[in-house]
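If you read the sequences in order, they're chains A and B.
If you read the first sequence in our numbering, its first letter stands for residue 1, the second for the next number, and so on.
If you read the second sequence in our numbering, its first letter stands for residue 1001, the second for the next number, and so on.
None of these hints come from the bench; they were simulated from the model.
As the structure is a computational prediction, the values presented were derived from the model and not from experiment.
Be aware that one or more of the hints could be misleading.
Restraint-style ranges between C-beta atoms, simulated for each label pair [unchecked claim]:
hint, chain 1, residue 1, chain 2, residue 2, range
1, B, Lys-1123, A, Ser-147, 38 to 46 Å
2, B, Asp-1071, A, Gly-290, 55 to 63 Å
3, B, Glu-1131, A, Ile-288, 51 to 59 Å
4, B, Trp-1113, A, Ala-148, 48 to 56 Å
5, A, Gly-290, B, Glu-1131, 52 to 60 Å
6, B, Asp-1127, A, Glu-93, 52 to 60 Å
7, A, Gly-306, B, Asp-1071, 47 to 55 Å
8, A, Ile-288, B, Lys-1143, 37 to 45 Å
9, B, Glu-1232, A, Arg-322, 40 to 48 Å
10, B, Gly-1178, A, Tyr-114, 39 to 47 Å
11, B, Lys-1143, A, Trp-146, 38 to 46 Å
12, B, Gly-1178, A, Trp-296, 49 to 57 Å
13, B, Lys-1143, A, Phe-90, 27 to 35 Å
14, B, Ala-1212, A, Leu-304, 52 to 60 Å
Residues of chain B clear of chain A, computed beta-carbon distances all greater than 12 Å [what the hints assert, rightly or not]:
hint, residue
15, Thr-1061
16, Ala-1080
17, Glu-1094
18, Asp-1122
19, Asp-1127
20, Met-1207
21, Ala-1243
Glycine is no exception: its CB is placed at the ideal position from the N, C-alpha and C atoms.
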Amino acid sequence: MTRETLFNSAALAALALVPLWAHFSGEPFTVTLATRAVILALAAVGLHIALGLGGLVSLGHAVFFGIGGYAMGILAHHAQTYTPLMEWPFVIEGTKSMPVIWLVAVVLSSVVAYFIGLLSLRTSGVYFIMITLAFGQMFFFFAISWSAYGGEDGLSIYVRNGFPGVNTLVPIQFYALCFVILAAVMFFAARLQRSPFGLALNAARQAPDRVETVGLNPMRLRLIAFVLSGAITGLAGALFADLNRFVSPTMFSWQMSGELIIFIILGGLGRLYGPVVGAVVFVALEHILGDLSDYWHIYLGVLLLGVVLFARGGIIGMLLGREVAHD
Amino acid sequence: MTEAILATQGISKSFGALKASDDVSIDLMAGEIHAIIGPNGAGKSTLIKQICGGLKPDTGTVKLLGEDVTDLPTELRARAGLGRTFQISALAMEDTVLQNAVLGALGGQGNPWRFFKPVLKDKDLLDTAMEALERVGLQDHAKTRTAELSHGQRRQLEVAVALTLKPKAFVMDEPMAGLGTEGSKRLTEFLGDLRHQAPILLVEHDMDAVFALADRISVLVYGKVIATGTVEEIRANKDVRDAYLGDEA
């Protein structure tokens, strides 16, 4: 076992054990905080596939996060008001079932990611950043003006949605559910990184000319990566909305997209555990520094500056050094 | 007469008033090395881009194995059997030597849409990749990060990646560039054998290598082919001496 796998296992174990400890020592707020960290980590693991592997600096991933959030909000809203989502040409009812909501969130974000990718992947570098940002803003302002679903005020859901066999109202149980999803997605992402697709995508980031001359289409590789990435971030959005029992246009905001990028840079760009470590540290700082000062973002800024200037591999890079080429 | 493996037929390409390719017809026959030489700015790189994809000629056609590939994008020309090496190494520097070779093998196989099984446990891909690395003598560096290779080794890896595709024709853009005397001598020997597997269109500045290797030479000046012929014919050609070779011949 290399130091890196050791570190990763320890990080995952800590993420599983700390809330358990908090639960039994009667600190439910810490459990909620950990749930928030896990869900944000999931969203950032989604971005990692586009950004870390594909090299696509998407400043619009909040689109998928928001779509997931609104998929949950709208379905649950109709369920709790007993009004169908639509009646013609066929009736679609709302639902309070998490698996259904997740499926809708994943499918919708994939479809949107496909079309956004199709348009924005024609560009690269700063233009790609700007186009994804523009899409993000489009969705943000659309959500603000969508008065049927709360507009600027967003939508509140009275009771958290259900999952078969789990009492999602108990913080530790909802946490466990989110943790299992994160672990499962990370397992698949780890496999993906080593798969033929992962190898080709990785090469398309480093040497697109080479990928073309061996007969593969870098654009198509990036598009599929973008879709997978959006789908995962969309799933995280649905969970995030369920955690807060609330969804609002801020889930679509460009600050949200920026935070996802910050998690990755903070934790370690290019590493699967980077976004996870980044999200956990971010949420912890938000909590600790937020208690000290309303202007906690200033300290976060200094930290980020430090990481970018002195620890290019992020926190994991600082602790473990450069990643060894995996076999 | 047998048909050319790779041919350009009267291709022209202009950038504004500049004629980068002017009615260029070049063919590559089975088993031969056809070298393209010419002074800087003669349009060699533009020509290669039109042959390999990435730049579409204004007029004329590019044919590979008798098929018109003028409208095909780069990756489909590669699948049709064109193996290319770059003047400036285009390799995944963070990846290992083996991973780069496996990428080539994966391209040759044509199906990157597998998301679960580790690519480095795929025996077919590994065998193809290792065989190519062995042929260029990089088998002992398989696990080395590409960024840590010497310049010469990167040139070898360029060739190895092209080999994994088992192409029907090679297009090599200055494979000797930056190699020492010893390195270019070894590569010269290697390419001399390689032509029997698939013919090579060789763009090269190293005249020793060109004269040692080429079965035919075409001289490109201002986008135009001013002469095509054997080494002796080209050495003796007065136009070529005036335009390019000067005292070297």
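For each hint given before, does the structure comply? Return the numbers of the non-compliant ones in rising order. 1, 4, 9, 11, 13, 16, 17, 18
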